[in-house]
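Peer 1: Sequence:
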Amino acid sequence: MPKDYSKWHLLKQKVNNSFEKRPFFHEREIWYCHLGENVGFEQDGKGESFLRPIAILRKFNNEIFWAIPLTSALKDSKYYYVISFGAGNKSSAILSQIRLVDAKRLSHKIGFVTKDEFALLIKKLKGLIP
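The sequence shown begins at 1 in the working numbering and counts up by one.
Just so you know, these hints were derived from the structure itself, not from any lab.
Certain hints may be false.
In silico PhoX-like cross-links for lysine-lysine, where the CA-CA straight-line distance does not exceed 20 Å [to be verified]:
#1 K46 to K109
#2 K90 to K46
#3 K59 to K104
#4 K14 to K104
#5 K12 to K46
#6 K78 to K124
#7 K115 to K126
#8 K59 to K21
#9 K109 to K59
#10 K78 to K126
#11 K75 to K123
#12 K46 to K14
#13 K75 to K90
#14 K104 to K21
#15 K104 to K12
#16 K78 to K123
#17 K123 to K59
#18 K59 to K115
#19 K123 to K90
#20 K21 to K109
#21 K75 to K124
#22 K78 to K90
#23 K46 to K7
#24 K90 to K115
#25 K104 to K46
These numbers were taken from a predicted model, which means no experiment stands behind them.
Model the full assembly from the supplied sequences, consistent with the hints where possible.
Peer 2: So this is what it looks like as structure tokens:
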């Protein structure tokens, strides 16, 4: 099915031009993020706001961070890692789709990953690097 990028581009301009302060965020948090309509097999956001849950992997400053997109499909393989957050919520972190994200894209926080589980996520991610 062909993608319609026109709606995403309008929202992308709105997100980028917003004068609201970037939200305060930390590593290990799970947020809904405006990931948009992307190319090929890159993970898209869903709905009218093009939102997808992400795990904040590494905060570089108050503006940018590394994010790992999440999916509700529970997969535990080389490129996925199942995490728990919030009140019994589970998702798979899509390790192969790590990306740099500007905090302007953050919508709202929905949970966090425990320190122990986050350490296991990092270990699995490092295992992908030759």
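Peer 1: Confirm or reject each hint.
Peer 2: Results for each hint:
{"no.": "1", "hint": "K46 to K109", "verdict": "16 Å, holds"}
{"no.": "2", "hint": "K90 to K46", "verdict": "18 Å, holds"}
{"no.": "3", "hint": "K59 to K104", "verdict": "14 Å, holds"}
{"no.": "4", "hint": "K14 to K104", "verdict": "10 Å, holds"}
{"no.": "5", "hint": "K12 to K46", "verdict": "14 Å, holds"}
{"no.": "6", "hint": "K78 to K124", "verdict": "8 Å, holds"}
{"no.": "7", "hint": "K115 to K126", "verdict": "16 Å, holds"}
{"no.": "8", "hint": "K59 to K21", "verdict": "17 Å, holds"}
{"no.": "9", "hint": "K109 to K59", "verdict": "15 Å, holds"}
{"no.": "10", "hint": "K78 to K126", "verdict": "11 Å, holds"}
{"no.": "11", "hint": "K75 to K123", "verdict": "17 Å, holds"}
{"no.": "12", "hint": "K46 to K14", "verdict": "17 Å, holds"}
{"no.": "13", "hint": "K75 to K90", "verdict": "11 Å, holds"}
{"no.": "14", "hint": "K104 to K21", "verdict": "8 Å, holds"}
{"no.": "15", "hint": "K104 to K12", "verdict": "10 Å, holds"}
{"no.": "16", "hint": "K78 to K123", "verdict": "12 Å, holds"}
{"no.": "17", "hint": "K123 to K59", "verdict": "17 Å, holds"}
{"no.": "18", "hint": "K59 to K115", "verdict": "15 Å, holds"}
{"no.": "19", "hint": "K123 to K90", "verdict": "19 Å, holds"}
{"no.": "20", "hint": "K21 to K109", "verdict": "15 Å, holds"}
{"no.": "21", "hint": "K75 to K124", "verdict": "14 Å, holds"}
{"no.": "22", "hint": "K78 to K90", "verdict": "18 Å, holds"}
{"no.": "23", "hint": "K46 to K7", "verdict": "12 Å, holds"}
{"no.": "24", "hint": "K90 to K115", "verdict": "16 Å, holds"}
{"no.": "25", "hint": "K104 to K46", "verdict": "17 Å, holds"}
The earlier numbered hints are all upheld by this structure, with none contradicted.
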